[in-house]
Amino acid sequence: MSDTGFSQIIHHPQYFIPTGDTEFLAQNVLFKVHRYFFEREPSSFREIFSDNVAHTKPYTLDVKPEDFAHFLDFEYENQPLEKWLVILRLATRWGFGRVRKLVVRQLEKLDLQPIDKIKIYSDFRIDAQLLIPSYSTLAKSPTLPPLSEAAKLDIETILKLTMVRERALQKAAEDGCRSPTSASAGDGDVKRFICEIFGLPNVTSASTTELPGTAADGGSVGGVNDTTGSSVPTLQNPAPAKKKKNANTNGTSNTVSGCRTFKLYVF
791 MSDTGFSQII HHPQYFIPTG DTEFLAQNVL FKVHRYFFER EPSSFREIFS DNVAHTKPYT
851 LDVKPEDFAH FLDFEYENQP LEKWLVILRL ATRWGFGRVR KLVVRQLEKL DLQPIDKIKI
911 YSDFRIDAQL LIPSYSTLAK SPTLPPLSEA AKLDIETILK LTMVRERALQ KAAEDGCRSP
971 TSASAGDGDV KRFICEIFGL PNVTSASTTE LPGTAADGGS VGGVNDTTGS SVPTLQNPAP
1031 AKKKKNANTN GTSNTVSGCR TFKLYVF
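Residue 942 in this note's numbering sits at position 152 of the sequence shown, and the numbers go up by one each step.
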């Protein structure tokens, strides 16, 4: 509940809709919207409405009016990250699974930095499979992130990324790199190490037409997969890496073709 005190109640400039049939009061701002929006999927609002069939007063919300306005904006695309995070937080809090999936789809379209994406997805328990590219970028990076950025990650994630880097470095050395680093390992090998160490299924990109955790009739909400109404991902063992060698003038083999040389760093 929100205490408006003696503040004058004002109508929200955008979301006090004359044709609306339900009113909400956030602090001293009054919203009037369509009840259908809140009843079309299971949520805490459906329970509130069922207990107040003849309710005539505004429903008081304990959120900021600007946050509630952002939540009502969820159908619009191209919103800034900050607004999508507000919508995601409220959708998670109020049990709007469909809105949550829509927000995840929008987040996937944004150019998020790997550490920021890992932090956001971990905080909101979004399907960790969507983090594989971010994990891979950090694992193969020849340089360490700044301390201010690395501090956003928990110690378990940092340790697992370190293990991935070590496995990738070892694989690059086994494949014949003269100056191996984690960046020298193949993308398929790094992905396999990530899936093994983080406990994720190694799903091929062609195994499903929906983003993990965002399928319209299934997927993961809160990081838990639900296969009801969705296809079961196909697991595939990665093909063994092929060694490519360049012959020198003496007819003997040299270093692996395409092997890049970086200074060695440990994450």
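Honestly, I wouldn't trust all of these hints.
[What the hints assert, rightly or not] Label-pair distances were calculated between CB atoms; the ranges are:
1. S834 / A941: 26 to 36 Å
2. T927 / D852: 34 to 44 Å
3. T952 / R836: 14 to 24 Å
Rather than coming from a laboratory, the hints here were simulated on the basis of the structure.
Using N, Cα and C, we set each Cβ at its ideal position, and we do this for glycine too.
Hints, one by one, checked against the model:
no.: 1; hint: S834 / A941: 26 to 36 Å; result: holds (34 Å)
no.: 2; hint: T927 / D852: 34 to 44 Å; result: holds (39 Å)
no.: 3; hint: T952 / R836: 14 to 24 Å; result: violated (46 Å)
When each numbered hint is compared with the structure, a violation occurs for hint 3 only.
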